[in-house]
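Keeping their order, the protein sequence lines are chains A and B.
By my numbering, the letter at position 113 of the first sequence is numbered 113, and the numbering carries on one by one without gaps.
By my numbering, the letter at position 103 of the second sequence is numbered 103, and the numbering carries on one by one without gaps.
Facing chain B, a subset of chain A residues (Cβ under 8 Å, in silico): (1) S250; (2) E251; (3) L253.
Hints were generated in silico from the structure; no laboratory data involved.
Glycine is no exception: its CB is placed at the ideal position from the N, C-alpha and C atoms.
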Amino acid sequence: MKFSTWTYSLVAAVVLGGSFVTAEPTPQAPSAEPTVVITGARSWRMADGTVHRLRFTGFSKDGVYPLFQLPKGREAKSPSAFAAEDRAVLDALKSGSLKLSTAPGLCMMPDFPNGPIDPDMLHFQWLGETRTWENTNGKRVEARLICLTDEDVSLLIGGNVARVPLKNLGSSDLAYLERLKRGLEPCFPDRIAVVGYGWERGPSHSVYLSGEQYVRLVKRGGDFEKAFAAVIRYVSSQLDSELWELVSFSESLAPAAPESNSILSSPAKIEGRPYMYVGEFFLKKKGELKSRSQWPLNISPRSWPGTPTLRIYATATGDILEPVPSN
Amino acid sequence: MVSRHYLENERVEFEISRAEWEKAPDWQPTFGQAAPLSRNQALAAAQKAATIEKLDVSDLSQLVIRLEQTNRFEKDLVDRLPAKGCRWFYLVNFKGNDIKLRAKYTFLVTMSGAVATKVFK
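Use the sequences and the hints to build the structure in full.
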């Protein structure tokens, strides 16, 4: 989607701290004025001179009081408590000349924490897709958007979060953020547990899909035969055929993906569930020895009373999924 | 009887005639050898059998389809099976997450597409 110069001039007004409502359309402006979309998460200037980092979420039912999301819930504030320029922002939101983003799953939380992120927190977090970001100095970084406000963007780079002011981003990044705010670019859960399995009297493991993979596989639907062929091919390529015996191969729908965290983000959920496949194999002694080093998590523990068993997970596209230890 | 399952305190035995069992072509799961009956064919056969039993199987959200063979540790069972035929079959379970309904909603489909009779013990 292309954005007009008019849109960019408004974006620039936001980025540079100017007022949204006083931005002048350029001569190239189209006849139908595009609505400016904001996150509502920003520094709000109050009448008493203080500045509060808050996320505006809408108006009270009577349309009078602006509501802000706080950790304990939504709180109404009096419009008169705001400085004139931000009262104008609230008026623009009320009149519709400014629109609040409702992009599904987009995190719009002021002051998203910087630095290393707790992997457990990522379970509830929806992210933008992986892309290359470029700042105004030409420095590039591969990252995923984790949170967006009207003033900055928090990027997940490896296991760290870095907050970057919007004014430091290049035009393609700003255009991406505009599309994102309008729901034209997707956000996904970081990763989704599709298998949780525990060996009796032994360790347990989980299998995850990235949010993108999960959505792709929901659209793809099932393919029992493809997954079956992939699992047999995979095990055959690693172990001689006399070292293993297939016990069963099963198909079921994966658990539903978690919904987005409604305190941090716009509500979002993924409709549908992908099919998951698991092949169970009995192993002969020699096969067991090799498998223990190759698939330490997929194989039954030494304390397992029955025949050594191997579990191999696959998707409908024939991808083999590796388990990770469960907490 | 070709298979015996313990589903939530219920023992379910699946029975099929020798003639029907022997119709299924021999098959072993090896690389490059697709099963003689596809998953969709097995599902269609199970759906048809469920309809005859007046079971509502329109909701497939709990569907679990499992390809397996007669439990080799059940010697009494394995020894009585005819040499001809295929020991692999599909178990189609329409209520995979519902432990109370699992037995009633499970169907065994042979590689010839026949649905076994369920006997609850």
